[in-house]
Amino acid sequence: MRTVVDLTRCQGYAQCVFHAPEVFALHGEEGLLYATAVPDDQVARVREAAAACPVQAILLGEEVTSRAL
Amino acid sequence: MPSDLKEGRIVVVGASLAGLRAAEALREEGFTGELTVVGDEPHAPYDRPPLSKQVLLGQATAYTTELPLRRDPDAEWRFGVRATGVDLLAKQVLLEDGESLPYDRLLIATGTRARPWPDPDEAALDGVFTLRTREDGAGLAERLAAGPERVLVIGGGFTGSEIASACREMGLQVTVAERGPAPLVGALGATLSKLAAVMQRNHGVDLRTGVTVTALTGNGAFTGAELSDGSRVHADVCVVALGALRNVEWLADSGLAAGPRGIACDAGCRAFTMYGIVTDDIFVAGDVSRFPHPLFGYQMLSLEHWGNAVEQAEVAAHNMVSPGALQRPHLSIPTFWSTQFGLNIKSVGVPTYSDHIVIAQGSLEARRLAMVYGYQGRVTAAVTVDMAKSLDYYRHLIETAAPFPPPPGAADRAIAADITIPSAVPDPSGLSHGPTVALTGHLPDRRLTVV
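Note that the protein sequences, when read in sequence, are chains S and C.
1 is the number of the first residue of the first sequence in this note's numbering; add one for each residue after it.
1 is the number of the first residue of the second sequence in this note's numbering; add one for each residue after it.
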């Protein structure tokens, strides 16, 4: 699974950092850095983070897979 | 409403953010026909912003930044194949392998590439990088992780500054060489560029401004560079961050209004021909586009923004499957972000479309502020530093063409909010870096000879 944060929307509420600290981290006061590849054991936490995000900036999903090639 | 717009054959050229989001949006809009997405990179669509941040810091690898799908666009993906031309009359995209793809409607989303170092022999030295693709990111991350003595970054734009920030965070010595008076000045103007310069120096960056790099030296491997002030920088890694070039060369013979500043299109993302006539079957989205915006004097804008790629792709997709009266304009306000030296910089509007600024909240000393840009008495842009929650308020002022300086709106309004100072946005031709929002005027790209 992959995740991407729409940092145009992100306002640094940091709810994701509480829900999935192994995937999301604040860099400075409000800059957000995140792991783009979500380990299997973190998928549920990232789903919670995506649901909790006040500006709904987190997208979790499969990438285009090689079968499509 | 004619149903055949939801059917037929659509080709998307460009398989990055805009191409992917357009493909998804086409299906969301009810397109049931054949969809082919062509990309010259041999990869599924991937996200580029992490390449100058998480990837360099080792918090993600360059090969795991694929973009998550919002839905399966049920497309035929043609990765690793370059488009070499388009035949408007036969309605075919020509591919480098000799194949041609017929289309009923075409979306062009070929984006940009890194501007290379002008001397090809010097650019080929081992240790000289640009940063745009995942291969660039992987190679640079590997080299930085090996602990070079010093990194030279040429160009103090957003990409160059983010790379310098990552280097300092990793404890690496870094020199930034910028032709202009300060980093980020082309995008943000003089006042915020001074803050950017202070932040770089406080974080230990060897910042050289007002200089150009005249030569990269080394015998096979990069060992240093010569500067226009006569000085020399010894370094073992060099990152060329001189801005972006638009991928339009493949359209040179197409008859479309494609030039160095992008492909001109209308507010509905429909491409212009070189005669200034709008097409109804060719659409443009993302970094390669150039489109008029009523809030900025109807000037054509070229944006290198993640958010614009998404929003313009969605508008283009909607208009590709909708009859004229139901088509939508792409009128969203340009927005971007950058994380560097521990600061979160966000911008809304077009800061280069300005004559004066005020600091409406916070202060330079606090490294936390909201700066508002005005042009001829109207608010045209705002930039926040570690104040992202304020940005929506200023976006509203821009959307409503509110008077500048803006009236009191925030409880923490700074005294400086009543003191307007010149925005001092320089001519971009005098800088190493390009602004990521470019006003590209009103004229078509090619002068015609009427025969």
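Calculated from the structure, these hints are not laboratory results.
Beta carbons are placed, not taken as given, at the ideal position from N, Cα and C, and that holds for glycine.
Check the hints yourself; a few may be wrong.
Listed next, the stretches of chain C that the computed footprint assigns to chain S, with coverage defined by at least 3 CB atoms under 8 Å from CB atoms of chain S [unchecked claim]:
1. 150-161
2. 285-297
3. 327-338
4. 403-413
Selected chain C positions facing chain S (in silico; Cβ < 7 Å) [as the list claims (entries may be wrong)]:
5. 41
6. 43
7. 44
8. 307
9. 342
10. 343
Restraint outcome when residue 41/C is required to lie within 7 Å of chain S by C-beta distance: 12 Å, violated
Does the nearest C-beta of chain S fall within a distance shorter than 7 Å of the C-beta of residue 307/C? 4 Å, holds
Residue 343/C was flagged as interface toward chain S. Is the shortest Cβ-Cβ separation under 7 Å? 6 Å, holds
Using Cβ atoms only, decide whether residue 44/C comes closer than 7 Å to chain S, and label the hint accordingly. Status holds, d = 4 Å.
Check of the stretch 403-413 of chain C against chain S for coverage (Cβ-Cβ below 8 Å, three residues minimum): violated (count 0)
Can you take a look at whether the stretch 285-297 of chain C is actually covered by chain S? Rule is 3+ residues, C-beta closer than 8 Å. With 0 residues in contact (Cβ-Cβ under 8 Å with chain S), the coverage given for the stretch 285-297 of chain C is violated.
With a C-beta cutoff of 8 Å, work out whether three or more residues of the stretch 327-338 of chain C approach chain S closely enough for the coverage to hold. Coverage by chain S holds for the stretch 327-338 of chain C (3 residues, Cβ < 8 Å).
Can we keep the residue 342/C interface hint, with Cβ of chain S closer than 7 Å? Interface hint status for residue 342/C: holds (4 Å vs cutoff 7 Å).
Chain S contact restraint on residue 43/C - CB to CB distance below 7 Å: 9 Å, violated
Proximity test - 8 Å, beta-carbon atoms, the stretch 150-161 of chain C to chain S, at least three hits: Per the Cβ count (0), the hint is violated.
Hints 1, 2, 4, 5 and 6 from the list above are not met by this structure, while the remaining hints are.
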